[in-house]
Amino acid sequence: MNSIESVSRFQMSRRGFLGALGAAAVIPLLAACSPGGVAGGGGGAGGGGGAGTIKFWDMPWGQANYSRAGKDLIASYKPAAGLGAASYQSIQWNNYYQTFSSAIASNTGPAVSSGSGFQAFQFAEAGKIAYADRVVDALKKSGSYDDFLPGVFDALRTSQGQVAIPWQMDLRVLWYRKSLLEKAGVDVPTDWASFLSAGKALKKIGVVGFATGAGSGFNLGGHAIVSMMINNGGGMFDTEGNPDLVTDRNIETLEFFNEMVSEGIIDPAAVSYTSENLLTQWKDRKAGMGINTPGWNASVGDTENDVLVGEPLVSPNGTKGSLYYVNNLMMYTASPNQEASEAFLEWYVDNMKTYWQQKVITAIPVRRSIADLPEFQENAQNVKIVDVWQPISQTYSARSTSSFGALAAVDGGQGMQTFSQTVLAGKSNPKQTLTTFQAAIESLMKKKS
Amino acid sequence: MATSTLPPRTRARTKPTGRAPGPAGDLRRPRRRITPMNLTLVLFVVPSVLLLLLLNAYPLGFGLNQSVRDGSLLDDGQFVGLANYTDALTSTAFWEAARFTLIFTVVGVFGSWIVGLGLALLLRTRTPARGLFKVLLLLPWVVPIVVSSTAWNWLVATPSSPVPQLFDALGWGTPLFLADPTLAAITVCIFKVWVSFPFMMMMSASALASVDPVVYEAARMDGASPRQQFTQITLPLVARSTYISWILMTIFCVNDFPTIYLLTGGGPVNATTSLVVLAYRSVFQNFETGSGVAIAFLMTAVLVAVSVVLYRQIRKVDTA
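Heads up: the sequence lines are chains A and B, in that order. Numbered according to the UniProt record's numbering, the first sequence terminates at residue 449, and the numbering increases by one at each position without gaps. Numbered according to the UniProt record's numbering, the second sequence terminates at residue 320, and the numbering increases by one at each position without gaps.
Hints listed in this document are in silico derivations from the structure and should not be mistaken for laboratory results. Bear in mind the structure is a predicted one, so any value in this text is a computation, not a measurement. Each residue gets a CB set at the ideal place from its N, CA and C atoms; glycine is no exception. Accuracy of the hints is not assured; some may be wrong.
Which bits of chain A does chain B cover? Going by a derived footprint, with three or more residues having C-beta under 8 Å, they are [what the hints assert, rightly or not]: (1) 99-107; (2) 119-131; (3) 189-197; (4) 354-362.
Cβ-to-Cβ under 10 Å is the rule here; a few derived chain B residues that face chain A [to be verified]: (5) S72; (6) S149; (7) P159; (8) S160; (9) G267; (10) L278; (11) Q313.
Kindly produce the complete structure, drawing on both the sequences and the hints.
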């Protein structure tokens, strides 16, 4: 038999060939898509990192040199015998949630990470978070726990346990430009009535009394409204965590916003303002007051001590309050060694003060010992935020004490943007606006449950 | 044994057809056998087929699977059948977004076509520094959308921006171009026309270049007015290119995310939320991948239908 004959004997039907081809194509796809298809567990560093190395992912929380400081800090970690070392990976803020989600879903995520307010809750509900109760116990044992500011641990606790450890805070506080209030001939407001008067006086000199924005990709306007709702004893949820927006306190708050818009205290174009527009307004001395983040004076470029933190306003009902987020440090179930993750996290929270000592971060610390550092005490505005604003602040889930993952979708979702733009447009019926927003939140939470 | 020198395919065609059908009236084509030559050819194609499967079929299948589940970015969720599609089709937000998408697309396609064709006709005349004008007119298309949207934001966003200030100086008040829902929708549409007209101009210019000037000369000799020349000669002769540019611009407009999102974010109060922005919000802000992907598939279905209609128009032009 010659070779040509032997080849011609190997014949199959076209259909058979296509079937075999399809099977061959599907096998690698199925292998890649199967849960165990990705080799190598998450949380451990690949390459030269060693199998037991704890991967720590961190966002750029501060100035340009923050990540360098973070890398140096992690490099100084000396694990106990038998526990893995740690590696540092900086994750950009752009699409960070997608970055984490895809990595965790493919089992290539970190063992420990920093994260924004609700990130730990979202991943905990998906079963991807290793609860930190043992770390809390260790911190209590070492005495570190008592160094944390009141309420910050509670903000990260669910019925299942401690989803994360507090790392720093982001608050919404009242800022004002001293020179403009003086020019308008009014004192720094202390309650809603004096705030309204100050706003009217500022309007007379061509200055916006309540500077905010709710434009593309900017949710400060929503935060400002929620802050004022909390300030008035309201909030978005009841004590059980169910949406509860249509309350007298919230209606009163929205009526206050309507009045501010009608009096010209809120810029009618604020609905479309981006962060850049707002910053320009403050830099151009066209903004007299507004609710904003810590470090706003630095963002505005104030070097004359003219942009200052005010006192929390007293609402018509005699209450005080504002909104705050407890950013946190969380552990993931896909760790090469859970004991090593916990040891690293405990070490990290006891050594994170270096960021404030090196002044690479302007965020508000969660530990009293960091707030007492001379480097932090130099900034009188930040000190005031810790001393005056933090104790009266509540989380996004107010009036509930515990948070949940759906809050991330509420905070950054379409419902909140529509709500804030409707309120800042000033033409809304408060009860109807709150009812619509409540329906949007209920729908969102129903789908998440 | 007698063998044919013809390739198998030719042999199959030259087989006598007067063969009596089998017991079941078997008129099926005989099964073709894969010869070594065909096998070799097919094996050459296999890498491309696998690549296509990985790049197109797999994501499409994955997307379809997502659209019938209630998952998030983290997990696939439960199978919910067509619930995401029915939810979308029965929601007010979807139809409001569809309405704005339609307006945005119609204005974007025909607005940019009218401006582009007009400029292309203008540039055919003996204009000084015509090359320079061509380059300058291409800038809106060439400049990254992030840059141009930032520039437009600076021009119109606040009452102290240049355009509202100009309106104020003319005694027309200070319109809130991005804060008023109607004005925001108009602004976004104008921005789209501004970004897109250079593309239409290029398409029209290339089509006009292929029209023989002799045709116009003959028409003039027959007494055709400029208007008649435009409607009876120019438009029919560039019709094929026009339909193609409409198809492309329709796809560009319906799928346009950055033009809208960077300028208004879909606001104020959803006034400029298109279907693609709605899909983005569903997936990346509400973390509902199923709803977002279902909206995207509905958009795709509409786009395919529109494209088919316009392609038929092209065929009509070709056969005319």
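Hint-by-hint comparison with the structure:
1. 99-107: Coverage by chain B holds for the segment 99-107 of chain A (4 residues, Cβ < 8 Å).
2. 119-131: Since three or more residues must qualify, the claim that chain B covers the segment 119-131 of chain A holds, with 4 doing so at under 8 Å.
3. 189-197: Contact hint for the segment 189-197 of chain A vs chain B: violated, 0 residues under 8 Å.
4. 354-362: Coverage by chain B is violated for the segment 354-362 of chain A (0 residues, Cβ < 8 Å).
5. S72: holds (7 Å)
6. S149: Interface hint status for S149 (chain B): holds (9 Å vs cutoff 10 Å).
7. P159: holds (6 Å)
8. S160: Since chain A brings a Cβ to about 7 Å from S160 (chain B), closer than 10 Å, the hint holds.
9. G267: Hint on G267 (chain B): holds, closest Cβ of chain A at ~5 Å, below 10 Å.
10. L278: holds (8 Å)
11. Q313: Cβ of Q313 (chain B) sits 36 Å from chain A, so the hint is violated.
Going down the numbered hints, you'll see the structure goes against 3, 4, 11, while the others check out.
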